[in-house]
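J.: Chain residues, written in single-letter form:
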Amino acid sequence: MINVLEIKVGSKLQLREGIVAEVVENMEDGMWLQVKYLEVPKNPGEIGAIELCHAQDIVKVSGAAEGV
Amino acid sequence: MPQNEFDKLVDIDKGFVSREIFVDSDVYKEELSKVFTRAWLMVGHESLIPNPGDFFTSRMGEESVILCRDKKGEIHVFLNSCRHRGMKVCRYESGNTSLFTCPYHSWTYTTDGKLQGVPLYKTLYDGVLDREANSLVSVAKLHNYKGSIWATWDKDAPDFLTYLGDAKIHLDQALDCRDGREGGSEVIGVHKWVFPANWKFAAENFLGDTYHNPSHRSVDLIGIGPSAAAGKKGRRDDELEKAQHVWISFPQGHGVHSALQPEANEYIESFMDNPILEEYFRHCFEERKKRLGENAKLLPFVGTIFPNTSYHGRQPRGLCAWHPHSPTSTEGWRFFLVDKDAPTEAKDYLRRYYMRYSGPAGMTEQDDMENWLYATAASTGTIARRYPFNYQQSMGAYTTDHQLGGQVSLQITEQIARGFYNRWASYMRNAGWDELLGASAQNRQAAE
Ligand code: FES
Ligand SMILES: [Fe+2]
Chain G
708 MINVLEIKVG SKLQLREGIV AEVVENMEDG MWLQVKYLEV PKNPGEIGAI ELCHAQDIVK
768 VSGAAEGV
Chain W
-3 MPQNEFDKLV DIDKGFVSRE IFVDSDVYKE ELSKVFTRAW LMVGHESLIP NPGDFFTSRM
57 GEESVILCRD KKGEIHVFLN SCRHRGMKVC RYESGNTSLF TCPYHSWTYT TDGKLQGVPL
117 YKTLYDGVLD REANSLVSVA KLHNYKGSIW ATWDKDAPDF LTYLGDAKIH LDQALDCRDG
177 REGGSEVIGV HKWVFPANWK FAAENFLGDT YHNPSHRSVD LIGIGPSAAA GKKGRRDDEL
237 EKAQHVWISF PQGHGVHSAL QPEANEYIES FMDNPILEEY FRHCFEERKK RLGENAKLLP
297 FVGTIFPNTS YHGRQPRGLC AWHPHSPTST EGWRFFLVDK DAPTEAKDYL RRYYMRYSGP
357 AGMTEQDDME NWLYATAAST GTIARRYPFN YQQSMGAYTT DHQLGGQVSL QITEQIARGF
417 YNRWASYMRN AGWDELLGAS AQNRQAAE
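Quick note, the sequences are listed as chains G and W, same order. Adding 707 to a residue's 1-based position in the first sequence gives its number in my numbering. Residue numbers are given in my numbering: position 374 of the second sequence equals residue 370, and the series is strictly consecutive.
Watch out, some of these pointers could steer you wrong.
[Claimed, not checked] The list that follows gives simulated cross-link-like pairs (lysine-lysine, DSS-like), each with its CA atoms no further than 30 Å apart:
#, chain 1, residue 1, chain 2, residue 2
1, G, Lys767, W, Lys110
2, W, Lys285, W, Lys238
3, G, Lys719, W, Lys238
[Claimed, not checked] Footprint (simulated), chain G over chain W, 3 or more residues, beta carbon under 8 Å:
#, segment
4, 111 to 119
5, 412 to 421
What the hints contain is simulated information worked out from the structure, not anything from laboratory work. Note that the coordinates shown come from a computational prediction; the quantities given were computed from them, not determined experimentally. Glycine residues also receive a C-beta, built at the ideal position from the N, C-alpha and C atoms.
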């Protein structure tokens, strides 16, 4: 299980539905991260969108934040 | 219940009100849907949520609502119920948050009520769930009146000041600074407790039921007021001892007991137990006189803004909400008020005095509650219900051409209670807003 409390701002995430996103804020409730969509295979129009991302939506943390 | 049933239950002309409206569960259910979904209700005070993200869970009728300040500083009131399966989104009494996450399936709302986070949204809901349309349910109208926050579920309700009508200047006496500046109050504490009485007993008590004064005799003899230790017994200082008391029924159902100081309008010694307070309040009194001139003569006692918000205007000073729980149970909330910029010593003193007087352990409040709850209990029986309450006091003893507006009485009167229940019956008949604001029957017919 991924502990979202430990995920730092700037980390890259692999999400469900093939979405790749970058963490912009950790809501620090153990559940939610604010992320920016970098890749949205099913709807590229959503690239750049800021969304809340739930712990269950995270497939894996693909890259740690640099210098954090 | 048929529409005209309510006129039978409330016979204003003869001065009788059926006990059923204080104990019957069908009447109570109708009240929740006809009164509490339409009237303007007081939900809190801005000083309870000073910073972005601050929230205070309140009530409107039986329902829980969230009073909160969003990230941009704007104030909102939302139904405290998730749009998914209705779970209570916020289970704390107050706090600060950036998100309201539902404990059940974690739907998550921002402080402006928007549904922002839905777990597995892309997998389970994409293209179907309209998040915008599933925001927290917001009240139809909201008004910040001198720091007190009011709301209504009725989009057709008049604006708050129209609703308040001529009762405004009386409520102002509780909300304005002691030295006459507008607004500037702060809540220094909230007491919440449940008592076994119908909510209308409390609302009616504060309309200006001065007749029950003898029930506080024991407190007066002990002396709990701010000059008691200095030898002036009583539950408060008699700052209105030279004033002309007025009891006013307003057409919207509100009622107040206020007082007009005589021409000279001199300071009456008060807060004699504490020289710092005595000096402070004397200063405030003189400043207020300079600032308001003639208008400074009006001083407050108590009042109720229809249906369930009451206030104490001076000693003590605060707002009350009488939240219905059941026909025979009410949750009382006391919001204790002080001037935000009052000296700390004054605030501390007042907090203690207010608690001595009001709230679940307040000596005066206990006297009142004992009456409300025994009256409720003794009115639930089959035989008891056959006999209406008597409201014949000071029938017709009022004038309608007083400068203060409404029906003004110069003697203790149940005219205010008659006005309150008359308006209550209008709500229960689903009357239009013209009648709810007090348009006379003839005007109504002419308009129809
Ligand atoms: S009830 Fe709130 S998320 Fe299901
Ligand atoms: Fe009382």
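J.: Against this structure, judge whether each hint is valid.
T.: Hints, one by one, checked against the model:
| no. | hint | in the structure |
| --- | --- | --- |
| 1 | Lys767(G) x Lys110(W) | holds, 28 Å |
| 2 | Lys285(W) x Lys238(W) | holds, 16 Å |
| 3 | Lys719(G) x Lys238(W) | violated, 75 Å |
| 4 | 111 to 119 | holds (count 8) |
| 5 | 412 to 421 | violated (count 0) |
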